[in-house]
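Visitor: For chain A, the structure is supplied; the task is to place chain B on it using the hints.
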Amino acid sequence: MNIEIITPDKELFKGEATLIQLPGIDGLFEILENHAPLISALQKGKVKLKDTHEQEQFFDIRGGVVEVLHNKVLVLAE
Amino acid sequence: MANLKEIRIRIASVQSTQKITGAMKMVSAAKLRRAQTAIINLRPYSNKLNEILKNLSSSADEMENMPLFQQRKEANIAIVVISSNRGLCGSFNTNVFKKVEHILQTEYAQQAANGNVQLYCIGKKAKEQLIKNHEITWFNETLLDTSAFDEIADLGEQLMQDFINKKIDSVRIVYNKFINPATQELVSEDFLPIQNIKNESESTQTNDYIFEPSKDTILCELIPKILKLQLYKTLLDSIASEHGARMTAMHKATDNANEILKELKLKYNNARQSSITNELIEIVSGAEALNN
Numbered sequence: 703m704n705i706e707i708i709t710p711d712k713e714l715f716k717g718e719a720t721l722i723q724l725p726g727i728d729g730l731f732e733i734l735e736n737h738a739p740l741i742s743a744l745q746k747g748k749v750k751l752k753d754t755h756e757q758e759q760f761f762d763i764r765g766g767v768v769e770v771l772h773n774k775v776l777v778l779a780e
Numbered sequence: 358m359a360n361l362k363e364i365r366i367r368i369a370s371v372q373s374t375q376k377i378t379g380a381m382k383m384v385s386a387a388k389l390r391r392a393q394t395a396i397i398n399l400r401p402y403s404n405k406l407n408e409i410l411k412n413l414s415s416s417a418d419e420m421e422n423m424p425l426f427q428q429r430k431e432a433n434i435a436i437v438v439i440s441s442n443r444g445l446c447g448s449f450n451t452n453v454f455k456k457v458e459h460i461l462q463t464e465y466a467q468q469a470a471n472g473n474v475q476l477y478c479i480g481k482k483a484k485e486q487l488i489k490n491h492e493i494t495w496f497n498e499t500l501l502d503t504s505a506f507d508e509i510a511d512l513g514e515q516l517m518q519d520f521i522n523k524k525i526d527s528v529r530i531v532y533n534k535f536i537n538p539a540t541q542e543l544v545s546e547d548f549l550p551i552q553n554i555k556n557e558s559e560s561t562q563t564n565d566y567i568f569e570p571s572k573d574t575i576l577c578e579l580i581p582k583i584l585k586l587q588l589y590k591t592l593l594d595s596i597a598s599e600h601g602a603r604m605t606a607m608h609k610a611t612d613n614a615n616e617i618l619k620e621l622k623l624k625y626n627n628a629r630q631s632s633i634t635n636e637l638i639e640i641v642s643g644a645e646a647l648n649n
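Protein sequence lines correspond, in order, to chains A and B. Read in order, the letters of the first sequence are residues 703 to 780 in the numbering used here. Read in order, the letters of the second sequence are residues 358 to 649 in the numbering used here.
Hints were generated in silico from the structure; no laboratory data involved. Everything hinted at is true.
Heads up, incomplete: computed chain A residues facing chain B, CB under 10 Å, no partners named:
id	residue
1	Ile-727
2	Pro-739
3	Leu-744
4	Gly-765
If the Cβ cut is set under 7 Å, some of the chain B residues that face chain A in the computed set are:
id	residue
5	Leu-399
6	Tyr-402
7	Leu-406
8	Ile-409
9	Phe-506
10	Tyr-566
11	Ile-567
12	Phe-568
13	Glu-569
14	Pro-570
15	Ile-575
16	Glu-578
17	Tyr-589
Just so it is clear, CB atoms sit at the ideal spot from N, CA and C, and this is done for glycine as well.
Next comes chain B alone, as it looks inside the complex:
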């Protein structure tokens, strides 16, 4: 039976595919761990920054008057899309694109029709997909590998400048939020104008700080920093989610390969058995013929 050889070849190919998916899963697991450490390293910084803000924000009313808080009619909008550079990570990227398209067709349909939507893409996949139907203002793919604070800070600064100069009236971020290695939540967050800066508890201990140069100046300096930090956090979140998604996808692929292998082996053994039976019948009937 020629079938036998075919099945053997298929088994070999499934096995090698399984090896690849298994290896990719391990790689993603290692990268995920690194991404998670980066998030944890960021925590003391952001905690401290919020604490200082809390100490400062007794003049919270004045904060509302700052340009970055200004609510305007949303004539020009910008969307920051964070995807991945590589595929094979399940629905990680497609979910992001669907969400962006959805936003562009419902909430911002008019702006999109007028061409007043700017797309800021991070990751090759977003560029490849969105360039088909839209214009892309800004694109970066190295950020995902380096996760450098400086680069993302530059983007944040540019967005804030454009917002203050009224080139854009609203900024959205669409990305995958990291919940745990197996779950990602797709979110679209408002970045600008600032909706509210968390200020739940009143500062409990009031240390008599000297403010140098003045409270307001420091506040003006601090708010952009917090925004940049927020942007950086979203980037790290998205990177961790990507590796998590890829890990899950590769795990599933390895499992599926196992399943296919099982079926193929069964088929192979069936074929082998029937070829042996056939041979036996031939021998036996040949012997019979001689006896007669």
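Just chain A, with the same shape it has in the complex:
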């Protein structure tokens, strides 16, 4: 699935990944391929994603929103 993580000043990540873990307001959750459309608020924490080479990457965010639609994940981080 296609993932984009953007902040107001810059783009943190753009590309393909197989898994993304997000710090939701009610706790961590993961999104895999073919997830249903979702909008969720995020809190301060770490975003973990596994790219196509099974490499893990981490990003710190202060909060944000995530939108999942048609295998496209957009994280508006802060």
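Guide: Chain B only, in chain A's frame:
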């Protein structure tokens, strides 16, 4: 003629001034380009955020009940003033101060008399000018150089907290809006309470989103984010305007220097000519005297 040397010195000094203004213009042009890119980079983020908001705001009526929308009697007000750290940018700063003074003397005269106005200043110039007659609550000068989202977000959060806790009833922002490199528009915008969140077109495609945790919670999270973003946008706008204003001012200064140089050169040549004529007359009349 001693005049000749004086004029030569003046020409040299005008020329070096012109070099400085020319260089400053180039620097501002480069900085302006950077500031403009920052504004453009922000666009996808704000577009997407508004789109998500649109998807959420079917429950728009409930939105009106949120604390940040509350209209109250304006007993305590806050004004955010965005100026620059450095001068030499035309009327960029003075316009801002005039506007602030105007607001304080007309609309909020009573609050100002009671000392219920808080001033939040960004930029050295605003502090230097406004501290003469008013008290300054909060001041920051590094924001203009770093344009860091985190710092301005903290200010936004503080303003929202104070608003919710009823310490302030209304927040205004006075800044220069960027129209194009040569034009800035001075605006004073209402920041809080939120007047209206643009919601022109009804969401066309209705995707069956899962809302996690709930629609209202997300909305409560989203609105402060949009406000912070708005504050950030105004900051970037003001920075771009500053560089634009400085560029125009320096361009004009360079042109003026050219004009002065032209005049001085004319004067210099006149003086040179008349000194040569004088010398010739002396020689000729000396020779005449010998002949006689």
